[in-house]
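**Student:** Sequence:
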Amino acid sequence: MRDLRKLLIVDDEKNIRLGLQAMIEREMPGHYAITFAVNGAEALQKLKEQTIDLVITDIRMPVMDGIELINGLQDMEVKPEVMILSGHDDFQYAREAMRCEVRMYLLKPIVREELAEALAMLEETLVKKETISHQFKQYTVQMKEHIETQFNYVFLRSDLEEREIEERLSKLDLPDLGNGYQLILLKWPGADQRGRDQGQKNAYLDLVLKRLGTQAEALTLRFMNRHGHLVVLTGYPALLPSLEEMIQQQVETRVKIGASKWLGRLAQVNEAYGQAEKALKYTLFYKHSVCLRYEELEGRESNYELPIASIKKISNMLGTDRESDVMGLFKEVVDLRNVMKYDISYMEGISRAFNELVFDQVFNVYGEESVEILKLYKSLADLYCFWDFQDYYHHVETLIQKLNLYVGNMKSIHNDNREMNKAIQYIHENYNHELNMAMVSNFISMNYSYFSQAFKEYTNESFVNYLKKIRIGKAKELLVSTNLKVHEIGERSGFENAKHFHRVFRELEGVSPNEYRQKEQSAADLKNRHHI
Numbered sequence: 001m002r003d004l005r006k007l008l009i010v011d012d013e014k015n016i017r018l019g020l021q022a023m024i025e026r027e028m029p030g031h032y033a034i035t036f037a038v039n040g041a042e043a044l045q046k047l048k049e050q051t052i053d054l055v056i057t058d059i060r061m062p063v064m065d066g067i068e069l070i071n072g073l074q075d076m077e078v079k080p081e082v083m084i085l086s087g088h089d090d091f092q093y094a095r096e097a098m099r100c101e102v103r104m105y106l107l108k109p110i111v112r113e114e115l116a117e118a119l120a121m122l123e124e125t126l127v128k129k130e131t132i133s134h135q136f137k138q139y140t141v142q143m144k145e146h147i148e149t150q151f152n153y154v155f156l157r158s159d160l161e162e163r164e165i166e167e168r169l170s171k172l173d174l175p176d177l178g179n180g181y182q183l184i185l186l187k188w189p190g191a192d193q194r195g196r197d198q199g200q201k202n203a204y205l206d207l208v209l210k211r212l213g214t215q216a217e218a219l220t221l222r223f224m225n226r227h228g229h230l231v232v233l234t235g236y237p238a239l240l241p242s243l244e245e246m247i248q249q250q251v252e253t254r255v256k257i258g259a260s261k262w263l264g265r266l267a268q269v270n271e272a273y274g275q276a277e278k279a280l281k282y283t284l285f286y287k288h289s290v291c292l293r294y295e296e297l298e299g300r301e302s303n304y305e306l307p308i309a310s311i312k313k314i315s316n317m318l319g320t321d322r323e324s325d326v327m328g329l330f331k332e333v334v335d336l337r338n339v340m341k342y343d344i345s346y347m348e349g350i351s352r353a354f355n356e357l358v359f360d361q362v363f364n365v366y367g368e369e370s371v372e373i374l375k376l377y378k379s380l381a382d383l384y385c386f387w388d389f390q391d392y393y394h395h396v397e398t399l400i401q402k403l404n405l406y407v408g409n410m411k412s413i414h415n416d417n418r419e420m421n422k423a424i425q426y427i428h429e430n431y432n433h434e435l436n437m438a439m440v441s442n443f444i445s446m447n448y449s450y451f452s453q454a455f456k457e458y459t460n461e462s463f464v465n466y467l468k469k470i471r472i473g474k475a476k477e478l479l480v481s482t483n484l485k486v487h488e489i490g491e492r493s494g495f496e497n498a499k500h501f502h503r504v505f506r507e508l509e510g511v512s513p514n515e516y517r518q519k520e521q522s523a524a525d526l527k528n529r530h531h532i
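Numbering-wise (the UniProt record's numbering), the sequence shown opens with residue 1 and increments by one.
Keep in mind that the hints were calculated from the coordinates and are not lab data. Certain hints may be false.
Stated by the list, open to error - Using 30 angstroms as the maximum straight-line C-alpha spacing, the simulated BS3-like pairs for lysine-lysine come out as follows:
hint	residue 1	residue 2
1	Lys137	Lys108
2	Lys411	Lys287
3	Lys312	Lys261
4	Lys171	Lys108
5	Lys378	Lys201
6	Lys79	Lys137
7	Lys411	Lys278
8	Lys469	Lys402
9	Lys171	Lys312
10	Lys129	Lys144
11	Lys378	Lys422
12	Lys14	Lys48
13	Lys171	Lys6
14	Lys278	Lys171
15	Lys201	Lys14
16	Lys261	Lys331
17	Lys144	Lys46
18	Lys79	Lys171
19	Lys422	Lys456
20	Lys375	Lys476
21	Lys456	Lys485
22	Lys378	Lys312
23	Lys129	Lys171
24	Lys312	Lys411
25	Lys456	Lys499
26	Lys48	Lys171
27	Lys378	Lys313
28	Lys108	Lys144
29	Lys48	Lys79
30	Lys331	Lys313
31	Lys128	Lys79
32	Lys144	Lys14
33	Lys210	Lys144
34	Lys278	Lys261
As the list claims (entries may be wrong) - FRET-style restraints, in silico, Cβ to Cβ:
hint	residue 1	residue 2	range
35	Arg337	Gln198	25 to 31 angstroms
36	Val127	Glu348	54 to 60 angstroms
37	Val251	Asn15	30 to 36 angstroms
38	Asn497	Asn430	16 to 22 angstroms
39	Val127	Pro62	32 to 38 angstroms
40	Glu301	Tyr153	29 to 35 angstroms
All C-beta atoms, glycine included, are put in the ideal place defined by N, C-alpha and C.
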């Protein structure tokens with residue numbers, strides 16, 4: 001159901017205001033939400049406070065007349081449709097109103113049919129404007145999406161030649177960047193940057209652009225990259241200092257900024273993006289909001305050797321009683337004072353080495369049952385998912401401690417099978433009752449995940465399959481040695497209902513319990529006849 005049109009009646013005479021309201025509601029019931037103003041000044045105030053679709057105004061009023069009101073409307077971004085009410089001697093005023101694109105005027109006294117016809121014509125105009133506005137918005141959205149797609153394609157293709165970049169981007173509706181430009185990346189907290197409201201990010205930039213004025217807006221383009229960072233391409237030099245000033249003023253808003261140098265040709269946009277991206281990477285070493293420029297970071301030491309031997313030592317020592325040595329070596333490897341001396345690729349190499357030589361190694365050796373612990377590892381796959389270095393440090397530290405305990409437990413299980421023997425005995429003694437893996441792991445006081453992996457390695461069976469085989473084995477004995485009914489045998493073997501018993505029996509033996517019993521009885525009868 002469509003919302004009511006908002007109509008403002010402006011007249012200093014109460015009888016005329018109420019009379020117009022009565023005529024309109026009689027002719028077009030349920031179509032308008034009507035409000036009043038007694039002069040142009042009051043009307044302008046209401047127009048600032050709320051969106052009005054249509055204004056019907058008298059010309060001659062105290063304080064501010066209708067012509068002044070109409071002139072005041074011209075500064076509004078979205079102007080309402082206007083109908084003026086005019087006496088015969090007001091025609092000169094009416095002509096002036098027409099110059100302000102007033103589409104309709106009526107002579108007093110108002111004739112109801114003429115008013116209805118005029119409102120219908122204005123309604124048609126409003127519908128056309130709304131249609132055009134909707135189409136324009138759709139076109140604008142499509143153009144923005146196209147621009148975003150094209151730039152992100154270029155950013156992904158580091159092998160593109162400048163000629164191809166220039167050719168691809170020249171077809172887009174871009175700001176005039178003839179005097180050069182700067183590429184700026186803005187990042188907000190959160191691993192999934194695209195999960196954050198894009199409107200919030202744009203609003204942050206809009207605040208700065210509004211302070212700088214229309215020229216800054218005209219020379220600035222923004223879109224999202226594949227990581228959900230806001231990409232700002234601007235030909236306005238004062239934008240970056242203004243963004244930096246804003247993050248210093250709004251300390252409650254956490255945002256990190258990386259900026260390229262000032263470049264001259266649009267064909268160099270890949271270079272600009274790489275510079276801004278590298279500057280943004282260095283913000284990892286800052287807990288608070290910060291703005292870093294690429295030129296401030298040039299010249300970092302890139303002639304280094306990654307501490308691979310130390311990281312391999314950490315992997316080798318996992319599961320031993322040398323946790324203090326493991327953590328001491330870890331702290332030495334990721335010492336921030338040492339890390340910050342080098343190019344950011346040094347820290348990236350350390351992160352990659354931990355993933356491949358430590359965490360992947362545990363996963364490969366101990367299999368899927370260690371996934372519960374390695375949920376932390378998923379978050380460590382991308383170093384830049386973390387807001388700052390300390391956040392990353394604590395995640396890696398926690399994971400190493402958990403893995404040290406986990407691997408230690410697994411090694412202990414391999415070396416000592418007593419707990420497994422105890423678990424197997426418990427299963428054989430309680431197979432005919434309700435039983436699951438949690439109950440057995442609790443009985444021997446072992447972590448559920450550790451028990452699952454250790455049980456599989458010890459028996460070469462999953463817990464569920466092992467329990468099925470025990471129960472079916474007992475059921476087969478009872479089918480041969482007793483005259484109990486099949487459903488009774490199922491219950492005594494630990495199955496909760498006959499249907500489940502039949503399904504599992506056929507799954508493991510290929511025949512139903514009755515068929516198995518008949519086959520075994522026939523074999524026994526045949527054997528007895530041979531003995532006679």
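**Student:** None of the hints should be skipped; say for each whether it holds.
**Tutor:** The hints, checked one at a time:
Proximity of lysine 137 to lysine 108 is assessed by CA-CA distance (about 40 angstroms); at most 30 angstroms being required, the pair is judged violated. Taking the CA atoms of lysine 411 and lysine 287, the gap is near 39 angstroms; set against the 30 angstroms cutoff, the hint is violated. With a C-alpha separation of about 39 angstroms, the suggested pair lysine 312 and lysine 261 falls outside the 30 angstroms cut-off, and the hint is violated. Taking the CA atoms of lysine 171 and lysine 108, the gap is about 56 angstroms. The hint is violated against a cut of 30 angstroms.
Between lysine 378 and lysine 201 the alpha-carbon distance is near 27 angstroms, which keeps this suggested pair within the 30 angstroms criterion. Among the hinted pairs, lysine 79 with lysine 137 is consistent with the structure: their alpha-carbon atoms are about 17 angstroms apart, no more than 30 angstroms. A C-alpha spacing of about 43 angstroms is found between lysine 411 and lysine 278, which places the hinted pair above 30 angstroms, so the restraint is violated. The hinted pair formed by lysine 469 and lysine 402 fails the criterion: a straight-line CA distance of about 34 angstroms is larger than 30 angstroms.
About 52 angstroms separates the Cα atoms of lysine 171 and lysine 312, which puts this hinted pair outside 30 angstroms; it is violated. The hinted pair formed by lysine 129 and lysine 144 meets the criterion: a straight-line CA distance of about 22 angstroms does not exceed 30 angstroms. The straight-line distance between the Cα atoms of lysine 378 and lysine 422 is roughly 35 angstroms, outside the 30 angstroms bound, and the hint therefore fails. For the hint linking lysine 14 to lysine 48, the alpha-carbon distance of about 23 angstroms falls within 30 angstroms, and the restraint holds.
In summary, the hint linking lysine 171 to lysine 6 is not supported, as the alpha carbons are separated by about 42 angstroms, beyond the 30 angstroms threshold. A distance of roughly 28 angstroms separates the Cα atoms of lysine 278 and lysine 171; the hinted pair therefore holds under the 30 angstroms criterion. With a C-alpha separation of about 48 angstroms, the suggested pairing of lysine 201 with lysine 14 is violated against the 30 angstroms cut-off. At roughly 35 angstroms between alpha-carbon atoms, lysine 261 and lysine 331 are farther apart than 30 angstroms, so this suggested pair is violated.
For the suggested pair lysine 144 and lysine 46, the alpha carbons sit about 34 angstroms apart, so the restraint of at most 30 angstroms is broken. Taking the CA atoms of lysine 79 and lysine 171, the gap is about 33 angstroms. The hint is violated against a cut of 30 angstroms. Pair hint lysine 422 plus lysine 456 holds up; C-alpha atoms about 15 angstroms apart against a cutoff of 30 angstroms. About 43 angstroms separates the Cα atoms of lysine 375 and lysine 476, which puts this hinted pair outside 30 angstroms; it is violated.
Among the hinted pairs, lysine 456 with lysine 485 is inconsistent with the structure: their alpha-carbon atoms are about 34 angstroms apart, more than 30 angstroms. This hinted pair checks out: lysine 378 and lysine 312 have alpha carbons roughly 20 angstroms apart, not beyond 30 angstroms. Taking the CA atoms of lysine 129 and lysine 171, the gap is about 29 angstroms. The hint holds against a cut of 30 angstroms. Restraint check: the Cα-Cα separation between lysine 312 and lysine 411 comes to about 19 angstroms, which is no more than 30 angstroms; the hinted pair holds.
Under the criterion of a C-alpha separation no larger than 30 angstroms, the hint pairing lysine 456 with lysine 499 is consistent with the structure, at around 28 angstroms. Note on lysine 48 and lysine 171: the hinted pairing is violated, with a Cα-Cα distance of about 39 angstroms set against a maximum of 30 angstroms. Among the hinted pairs, lysine 378 with lysine 313 is consistent with the structure: their alpha-carbon atoms are about 22 angstroms apart, no more than 30 angstroms. With a CA separation close to 49 angstroms, the supplied pair lysine 108 and lysine 144 exceeds the 30 angstroms bound.
For a cut-off of 30 angstroms, the pair hint linking lysine 48 to lysine 79 stands: about 11 angstroms separates their Cα positions. Distance check on the hinted pair: lysine 331 and lysine 313 sit about 13 angstroms apart at the alpha-carbon level, within 30 angstroms; holds. This hinted pair checks out: lysine 128 and lysine 79 have alpha carbons roughly 14 angstroms apart, not beyond 30 angstroms. Between lysine 144 and lysine 14 the alpha-carbon distance is near 50 angstroms, which puts this suggested pair outside the 30 angstroms criterion.
Using a Cα cut-off of 30 angstroms, the hinted pair lysine 210 and lysine 144 holds, with the two alpha carbons roughly 20 angstroms apart. Simply put, lysine 278 and lysine 261 have alpha-carbon atoms about 12 angstroms apart, close enough for the 30 angstroms limit, and the pair holds. Distance hint check for arginine 337 and glutamine 198: the Cβ-Cβ separation is about 38 angstroms, which falls outside the suggested range of 25 to 31 angstroms. A C-beta distance of roughly 57 angstroms is found between valine 127 and glutamate 348, which places it inside the suggested range of 54 to 60 angstroms.
The hint said 30 to 36 angstroms for the Cβ distance between valine 251 and asparagine 15, and at roughly 58 angstroms that hint is violated. In this structure, asparagine 497 and asparagine 430 meet the distance hint of 16 to 22 angstroms, their C-beta atoms being roughly 19 angstroms apart. In this structure the hint that valine 127 and proline 62 lie 32 to 38 angstroms apart at CB holds, the actual value being about 35 angstroms. Taking 29 to 35 angstroms as the suggested C-beta distance range, the pair glutamate 301 and tyrosine 153 conforms, at roughly 34 angstroms.
Hint compliance for this structure: hints 1, 2, 3, 4, 7, 8, 9, 11, 13, 15, 16, 17, 18, 20, 21, 26, 28, 32, 35 and 37 are not met, and every other hint is.
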